[in-house]
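K.L.:
Using this note's numbering, the letters of the sequence shown correspond one by one to residues 14 to 99.
Simulated from the structure, these hints should not be mistaken for laboratory data. Note that the structure is predicted; figures quoted are calculated from it, not measured. Misleading hints may appear alongside valid ones.
Below are the SDA-like pairs computed for lysine to any residue, each with C-alpha atoms no more than 25 Å apart in a straight line [stated by the list, open to error]: (1) 16 to 59; (2) 54 to 76; (3) 54 to 79; (4) 59 to 48; (5) 16 to 35; (6) 59 to 24; (7) 59 to 15; (8) 16 to 63; (9) 16 to 79; (10) 16 to 31; (11) 16 to 80; (12) 16 to 48; (13) 59 to 33; (14) 16 to 53; (15) 71 to 58; (16) 71 to 34; (17) 71 to 21; (18) 16 to 38; (19) 71 to 31; (20) 16 to 57; (21) 16 to 60; (22) 16 to 76; (23) 54 to 36; (24) 59 to 36; (25) 16 to 34; (26) 59 to 78; (27) 54 to 71; (28) 71 to 55; (29) 16 to 56; (30) 54 to 34; (31) 54 to 43.
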Amino acid sequence: MNKNILNALLERSDGRCEIIFNNGFRCNSNYAVSPHHILFKSRGGKDEMSNLVMACQKCHGEIHRGSKEKHQWIIRYKKSRFGGSI
14 MNKNILNALL ERSDGRCEII FNNGFRCNSN YAVSPHHILF KSRGGKDEMS
64 NLVMACQKCH GEIHRGSKEK HQWIIRYKKS RFGGSI
């Protein structure tokens with residue numbers, strides 16, 4: 014990933030997890046935060062700000078393991094970013 018993109022993500026997120034739970038609260042953890050592709054790279058997702066969120070180690074793992082709550086958040090986020098297409 015381009016360092017400029019990573020730096021912009023860190024600035025946008027203030028170095029914190031951007032995942033928002035179903036109750037509307039943001040995780041906001043700063044533990045082991047890394048970029049997550051909303052539309053996975055394996056499905057054509059790009060290293061672009063509009064396709065990336067910062068996620069802490071716990072949330073990132075839960076997303077990839079299929080956590081129902083995190084999955085619902087990602088679906089809502091994708092729909093808002095990609096106009097309903099997932």
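K.L.:
Now tell me, hint by hint, if it's right for this structure.
P.N.:
Comparing the hints with the structure gives:
1. Distance check on the hinted pair: residue 16 and residue 59 sit about 14 Å apart at the alpha-carbon level, within 25 Å; holds.
2. For the given pair, residue 54 sits about 15 Å from residue 76 by alpha-carbon distance, which is consistent with the 25 Å threshold.
3. Restraint check: the Cα-Cα separation between residue 54 and residue 79 comes to about 17 Å, which is no more than 25 Å; the hinted pair holds.
4. About 12 Å separates the Cα atoms of residue 59 and residue 48, which keeps this hinted pair within 25 Å; it holds.
5. The suggested pairing of residue 16 with residue 35 is violated, with an alpha-carbon distance near 31 Å, which exceeds 25 Å.
6. The hinted pair formed by residue 59 and residue 24 meets the criterion: a straight-line CA distance of about 19 Å does not exceed 25 Å.
7. Of the pairs offered as hints, the one joining residue 59 and residue 15 holds, with about 11 Å between alpha carbons and a cut-off of 25 Å not exceeded.
8. At most 25 Å may separate the alpha-carbon atoms for a hinted pair to count; residue 16 and residue 63 meet this at roughly 16 Å.
9. Between residue 16 and residue 79 the CA atoms are separated by roughly 29 Å; this puts the pair beyond 25 Å, and the hint is violated.
10. Between the alpha carbons of residue 16 and residue 31 the distance comes to roughly 19 Å, so the proposed pair stays at or under 25 Å and holds.
11. Between residue 16 and residue 80 the CA atoms are separated by roughly 29 Å; this puts the pair beyond 25 Å, and the hint is violated.
12. A distance of roughly 12 Å separates the Cα atoms of residue 16 and residue 48; the hinted pair therefore holds under the 25 Å criterion.
13. Between residue 59 and residue 33, the direct Cα distance comes to roughly 22 Å. Compliance with the 25 Å bound is thereby established for this hinted pair.
14. For the proposed pair residue 16 and residue 53, the alpha carbon gap of about 19 Å is at most 25 Å, so the pair holds.
15. Restraint check for residue 71 and residue 58: satisfied, since their Cα atoms lie roughly 22 Å apart, inside the 25 Å limit.
16. Annotation: proposed proximity of residue 71 to residue 34 holds, straight-line Cα distance about 13 Å (limit 25 Å).
17. The hinted pair formed by residue 71 and residue 21 meets the criterion: a straight-line CA distance of about 22 Å does not exceed 25 Å.
18. Distance restraint check for residue 16 and residue 38: the Cα-Cα separation of roughly 29 Å exceeds the 25 Å cut-off, and the hinted pair is therefore not satisfied.
19. With a C-alpha separation of about 12 Å, the suggested pair residue 71 and residue 31 falls inside the 25 Å cut-off, and the hint holds.
20. About 20 Å separates the Cα atoms of residue 16 and residue 57, which keeps this hinted pair within 25 Å; it holds.
21. Taking the CA atoms of residue 16 and residue 60, the gap is about 11 Å. The hint holds against a cut of 25 Å.
22. For a cut-off of 25 Å, the pair hint linking residue 16 to residue 76 stands: about 24 Å separates their Cα positions.
23. Distance check on the hinted pair: residue 54 and residue 36 sit about 28 Å apart at the alpha-carbon level, beyond 25 Å; violated.
24. With a C-alpha separation of about 29 Å, the suggested pairing of residue 59 with residue 36 is violated against the 25 Å cut-off.
25. The hinted pair formed by residue 16 and residue 34 fails the criterion: a straight-line CA distance of about 28 Å is larger than 25 Å.
26. The suggested pairing of residue 59 with residue 78 holds, with an alpha-carbon distance near 21 Å, which does not exceed 25 Å.
27. About 20 Å separates the Cα atoms of residue 54 and residue 71, which keeps this hinted pair within 25 Å; it holds.
28. A distance of roughly 21 Å separates the Cα atoms of residue 71 and residue 55; the hinted pair therefore holds under the 25 Å criterion.
29. The suggested pairing of residue 16 with residue 56 holds, with an alpha-carbon distance near 22 Å, which does not exceed 25 Å.
30. Distance hint between residue 54 and residue 34 is fulfilled; the C-alpha atoms sit about 23 Å from each other, no more than 25 Å.
31. Taking the CA atoms of residue 54 and residue 43, the gap is near 24 Å; set against the 25 Å cutoff, the hint holds.
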